[in-house]
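Starting from the given sequences, assemble the full structure and let the hints guide the process.
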Amino acid sequence: MKRFVLACLLVGVTLSAKAANDEDGWQILQKAAVAARALSYQGIFICQSGQNTKSVQIKHYFDGQNEFGHNVVLDGSPREVLSQGGDLVIYNQKNEKIVIEKRRGQNMFPAILPTNLDLVKVSYSVRTGDTERVANREALILFLEPKDNLRYSYRFWIDKEYGLILKSVMFNGRNQMMDSIAFNQLNLLNTVDLDWFKPRIDSKKSYVMEDEVPTKADNNVSPHWTLKELPAGYRKVDQMIRMVHGKSFPVTHVIFSDGLASVSLFIEPIAKGVKPRSGNRVVGNTSFYSSVAGYLQITALGEVPEATVAQIANAVVFIK
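Counting in this note's numbering, the sequence shown runs from 10 upward without gaps.
Since the hints were derived computationally from the structure, they do not count as laboratory data.
Wrong hints could be hidden among the right ones.
What the hints assert, rightly or not - Keeping only pairs whose Cα atoms sit at most 16 Å apart, straight-line, the calculated EDC-like set for lysine to aspartate or glutamate is:
#1 68 to 89
#2 130 to 277
#3 169 to 139
#4 329 to 247
#5 63 to 84
#6 63 to 188
As structure tokens, this is what we get:
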């Protein structure tokens, strides 16, 4: 009996220590989420996905109320992103034209965590690891592991002084690295001058705006489709109607997220004479799934497991 009581006490101590460790990990991640938005900084980070590597220069400024960001891709075709809060404007040079795209509510490195982690806590568990150096700075490693097979795992290196995420690596279910983003230069930014908050791309070239019409995020119903049950942990965070170059009909774009991973769903009428697409494929780190509902072409894609995009695509129900 004494052994049983002692065993129960030891288990209780172990569980309490684990709970404390988990809570410490969530607090560190919470600070990282806030630091990425509330600090002013500049640097260069390296994005690696498969065999592709790109360097990105970043400037981020917070004036106490508003965020301003400017990312410039330093390799390959010129590409820039200006952000103000959750609104993004992407300048992408294609041949002799510059395509301007507007996006909303998308998190960019190092602000990849939401400030409210409640949704993330539902689908992931956290544990702390060792300390390593990244960009010549001390960083604490945190492991964010999924509770099911509908999302990937992440590893974050958190700056021990600034609280910023210095490095982020995503792993699939076989523990293979999918992509990595890491600072190799980072400094705090003290200037209040916003002269840098403008695109550098050649203003003499013609600009093409990719239009989109936002719709309410809680409106799941269109005249011809609705959504049934989504994969566990995912919820709809945005919806918009976009006119896409080369397409006769507008495309409905719906975004789902579990707080960290995201999936885009595209719904469009099948044009006359166009063969519908169906099936799944993986290109790099992105899973694609296509299906047909009535006369609608459904496409879901995201840096998530194939099962996730399939479930989201198949959640679309055609309404006659």
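* Asked: Which of the numbered hints are not met once you compare them with the structure shown?
  -> 2 and 4
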